[in-house]
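Trainee: Same order as they appear, the protein sequences are chains H and L.
Taking our numbering, I'd label the letters of the first sequence as residues 1017 to 1338.
Taking our numbering, I'd label the letters of the second sequence as residues 743 to 990.
Just so you know, not all the hints are guaranteed correct.
Said to hold, decoys possible - In the DSSO-like style, the derived pairs of lysine-lysine whose C-alpha atoms are separated by at most 30 Å in a straight line are:
1. H:Lys1326 to L:Lys965
2. L:Lys758 to H:Lys1210
3. H:Lys1295 to L:Lys760
4. L:Lys988 to H:Lys1032
5. L:Lys760 to H:Lys1227
6. L:Lys988 to H:Lys1335
7. L:Lys846 to L:Lys924
8. H:Lys1210 to L:Lys988
9. L:Lys790 to H:Lys1146
10. H:Lys1310 to L:Lys846
11. H:Lys1047 to L:Lys758
12. H:Lys1295 to L:Lys988
13. L:Lys894 to H:Lys1146
14. H:Lys1295 to L:Lys846
15. H:Lys1310 to L:Lys792
16. L:Lys832 to H:Lys1326
17. L:Lys988 to H:Lys1332
18. L:Lys894 to H:Lys1295
19. L:Lys758 to H:Lys1146
20. L:Lys988 to H:Lys1146
21. L:Lys744 to H:Lys1310
22. L:Lys760 to H:Lys1032
23. H:Lys1310 to L:Lys832
What the hints assert, rightly or not - To spell it out: a stretch of chain L is covered by chain H in this simulated footprint if at least three of its residues, at any positions, have a beta carbon under 8 Å from a beta carbon of chain H; those stretches are:
24. 799 to 806
25. 858 to 866
26. 943 to 957
27. 971 to 980
Think of the hints as simulated: they come from the structure by calculation, not from any bench.
Backbone N, C-alpha and C fix where the C-beta goes; we use that ideal spot for every residue, glycine too.
The primary structure of each chain is shown beneath.
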Amino acid sequence: MAVLVYTESWNGSFKKASFEAVSYAAQLANKIGTEAIALTIASSDDAAQLGNYGATKVLNITNESLATFNNQAYANAIVAAAEANGADTIIISNTNNGKAIAPIIAAKRNAGLITNAIELPSSTSPLTVKRKTFSSKAFTNYSSTAAQNVISITPNALGTIENGATAQIESFDYTATSSDNRLSSVSVDRASGKISLTEADFVVSAGRGLKGPENWGMVEELAGLLGAATACSKPVSDIGWRPHSEHVGQTGIAINPELYIAIGISGAIQHLAGVNASKNIVVINTDPEAPFFKAADYGIVGDAFDVVPKLIEALKIHKANN
Amino acid sequence: MKILVCISHVPDTTSKIKFTNNQTEFDSNGITFVINPYDEFGLTRAMKIKESTGATITVVNVGAASTEPTLRKALAIGADEAVRIDADPKDGSTVARLIADYAKEQNFDLIVTGRESIDYNGGIVPGMLATYLDIPFVNACIGFELEGTNAKAVREIDGGKETLEGTLPMLIAGQKGLVEEKELRIPAMRGIMMARKKPLSVIAAGDTRVSTTVVSFELPETKAACTMIDAGNVEQLVELLHTEAKVI
Ligand SMILES: Cc1cc2nc3c(=O)[nH]c(=O)nc-3n(C[C@H](O)[C@H](O)[C@H](O)COP(=O)(O)OP(=O)(O)OC[C@H]3O[C@@H](n4cnc5c(N)ncnc54)[C@H](O)[C@@H]3O)c2cc1C
Ligand SMILES: Cc1cc2nc3c(=O)[nH]c(=O)nc-3n(C[C@H](O)[C@H](O)[C@H](O)COP(=O)(O)OP(=O)(O)OC[C@H]3O[C@@H](n4cnc5c(N)ncnc54)[C@H](O)[C@@H]3O)c2cc1C
Chain H
1017 MAVLVYTESW NGSFKKASFE AVSYAAQLAN KIGTEAIALT IASSDDAAQL
1067 GNYGATKVLN ITNESLATFN NQAYANAIVA AAEANGADTI IISNTNNGKA
1117 IAPIIAAKRN AGLITNAIEL PSSTSPLTVK RKTFSSKAFT NYSSTAAQNV
1167 ISITPNALGT IENGATAQIE SFDYTATSSD NRLSSVSVDR ASGKISLTEA
1217 DFVVSAGRGL KGPENWGMVE ELAGLLGAAT ACSKPVSDIG WRPHSEHVGQ
1267 TGIAINPELY IAIGISGAIQ HLAGVNASKN IVVINTDPEA PFFKAADYGI
1317 VGDAFDVVPK LIEALKIHKA NN
Chain L
743 MKILVCISHV PDTTSKIKFT NNQTEFDSNG ITFVINPYDE FGLTRAMKIK
793 ESTGATITVV NVGAASTEPT LRKALAIGAD EAVRIDADPK DGSTVARLIA
843 DYAKEQNFDL IVTGRESIDY NGGIVPGMLA TYLDIPFVNA CIGFELEGTN
893 AKAVREIDGG KETLEGTLPM LIAGQKGLVE EKELRIPAMR GIMMARKKPL
943 SVIAAGDTRV STTVVSFELP ETKAACTMID AGNVEQLVEL LHTEAKVI
């Protein structure tokens, strides 16, 4: 009956997407008439706070063999926790790690897997969930015919609900097996303090209109002011002006932040596919005919080298006054 | 060494997506189908391994006869043989099970898929397939090097990357980075001619049970007209973001 939600942490602290996942699990549990149980692995964060998002109980795995992420081991640990707690629905956030474990769990449990969910289930029997498909060009309502299910939810698509409660914490044990450890992590390379694109509330993105990598200073300054992640169009990463990890669009990262600012990007269909789920889109482009304006909420026809510095100044004044 | 590359047959990225039959069926009218872009990165990586080790490459698709031109294209790029598992796939888990049933007998050393199929965006097939075959799985793979049977794979993580080590067999789900965009192979005339003579076998699908079904499709709501702001009045944008959009 119960709903189990895996709460991912990074360097011991919960990711924002984990709070969204717990809120989702709690609302779903409420609909079914059961409880939401959270599972943490190698987290040093305060697990009781997950109660604030609706978890009644938190299972905590601290086993040394799971100290670093490993998709097989984590998937097996989640399956073991679900079995021990009679959970037949598992909620995971669709982060890079979430994407690596959800299908393993579904295959192990013979479960229906619905990825990229953007809404709570519209029905719990049969379980019916709306998800993003066709790179955000369409949504699809899927219904599961399986007895067990795994739902992975799109980060940033669903907010959190807080209730002020604290959850009770229990320890749960799982030890990685030799078959879990067939891949070993050699190194992790992650810019510290960098905001991950899929979880960012604000994203500042620039395209070929910026002429060269030396002109990204103003993009970074604007992003810094907003606490935004930086992104780019595909050709910009293909020519090596920016890293591939910043490439958004149909063949890059799909995002849905509160605010997306596109500077010198034409708005090709493949670019729009990955970003049009953003709640507010601002486009700055010299060409009034640029297709991006059709997908934008706010537009400025103008030269980025003139408009962006002005925007930075205006934002600084706004920040000083608010 | 034997490599299996899984090829999803998808609408071209410029396609306007539309549905028929009361929004319950994808309308393939006027749609051009291509090799899933993520699978092109995987196929090119496999070609490089073939060129340095003499490996053979099999490409597989689970689909109806209409997907054969896509498999032929993969042969023209350089795969040695193609297999079509004859089914009308409607669910990622079915695709994974059917490919697993086929691959079990074949002892592939390396299985290469894309990170996701750009139509249904499931990200389901690779991880399920690896699990059914009980081999390690590297998702969002952006780098892969082989030395004998020892592999070093780089995967994308949120805000960075992680390098993993292991031995074959394994499954990698690739994307850009596995090879660069400019390295992608396009079929040349010679390749197209040779592809005609390469084997494309069709095998019957076993268990086509599904665990999820599509109830209906929806298109996003059309956006209201864009509010245009004068380039000389950027302050107005900040004001609107504050008072109207309420994001800052
Ligand atoms: C299979 C496939 C997959 C693809 N996937 C993606 C994807 O995932 N993501 C993606 O982004 N693209 C993707 N593309 C590429 C896409 O079709 C476009 O080519 C690309 O998005 C264009 O990038 P851009 O807007 O930066 O450059 P351009 O199209 O060259 O646009 C530059 C824009 O900058 C404007 N400009 C010029 N100077 C200035 C200035 N001084 N100030 C302000 N504006 C200025 C111009 O008016 C123009 O609109 C894909 C293409 C294919 C074929
Ligand atoms: C006309 C038509 C209608 C379809 N209708 C539906 C539908 O209603 N619902 C639905 O879910 N699917 C449908 N499909 C099948 C769909 O194209 C996918 O093959 C399948 O659903 C897996 O989707 P996914 O998003 O989970 O794949 P993912 O798991 O995202 O794919 C990842 C990787 O797995 C491999 N892969 C995926 N699919 C295949 C395949 N068929 N053969 C070989 N390798 C593959 C590729 O390497 C791909 O890069 C339809 C296909 C066609 C041609």
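Trainee: The structure should be examined with respect to each hint, and the outcome stated for every one.
Mentor: Results for each hint:
no.: 1; hint: H:Lys1326 to L:Lys965; result: holds (27 Å)
no.: 2; hint: L:Lys758 to H:Lys1210; result: violated (35 Å)
no.: 3; hint: H:Lys1295 to L:Lys760; result: holds (23 Å)
no.: 4; hint: L:Lys988 to H:Lys1032; result: holds (21 Å)
no.: 5; hint: L:Lys760 to H:Lys1227; result: violated (36 Å)
no.: 6; hint: L:Lys988 to H:Lys1335; result: holds (14 Å)
no.: 7; hint: L:Lys846 to L:Lys924; result: violated (34 Å)
no.: 8; hint: H:Lys1210 to L:Lys988; result: holds (24 Å)
no.: 9; hint: L:Lys790 to H:Lys1146; result: violated (40 Å)
no.: 10; hint: H:Lys1310 to L:Lys846; result: violated (50 Å)
no.: 11; hint: H:Lys1047 to L:Lys758; result: violated (36 Å)
no.: 12; hint: H:Lys1295 to L:Lys988; result: holds (11 Å)
no.: 13; hint: L:Lys894 to H:Lys1146; result: violated (37 Å)
no.: 14; hint: H:Lys1295 to L:Lys846; result: violated (45 Å)
no.: 15; hint: H:Lys1310 to L:Lys792; result: violated (46 Å)
no.: 16; hint: L:Lys832 to H:Lys1326; result: violated (51 Å)
no.: 17; hint: L:Lys988 to H:Lys1332; result: holds (17 Å)
no.: 18; hint: L:Lys894 to H:Lys1295; result: violated (39 Å)
no.: 19; hint: L:Lys758 to H:Lys1146; result: holds (20 Å)
no.: 20; hint: L:Lys988 to H:Lys1146; result: holds (27 Å)
no.: 21; hint: L:Lys744 to H:Lys1310; result: violated (48 Å)
no.: 22; hint: L:Lys760 to H:Lys1032; result: violated (34 Å)
no.: 23; hint: H:Lys1310 to L:Lys832; result: violated (33 Å)
no.: 24; hint: 799 to 806; result: violated (count 0)
no.: 25; hint: 858 to 866; result: holds (count 7)
no.: 26; hint: 943 to 957; result: holds (count 6)
no.: 27; hint: 971 to 980; result: holds (count 7)
When each numbered hint is compared with the structure, violations occur for hints 2, 5, 7, 9, 10, 11, 13, 14, 15, 16, 18, 21, 22, 23, 24.
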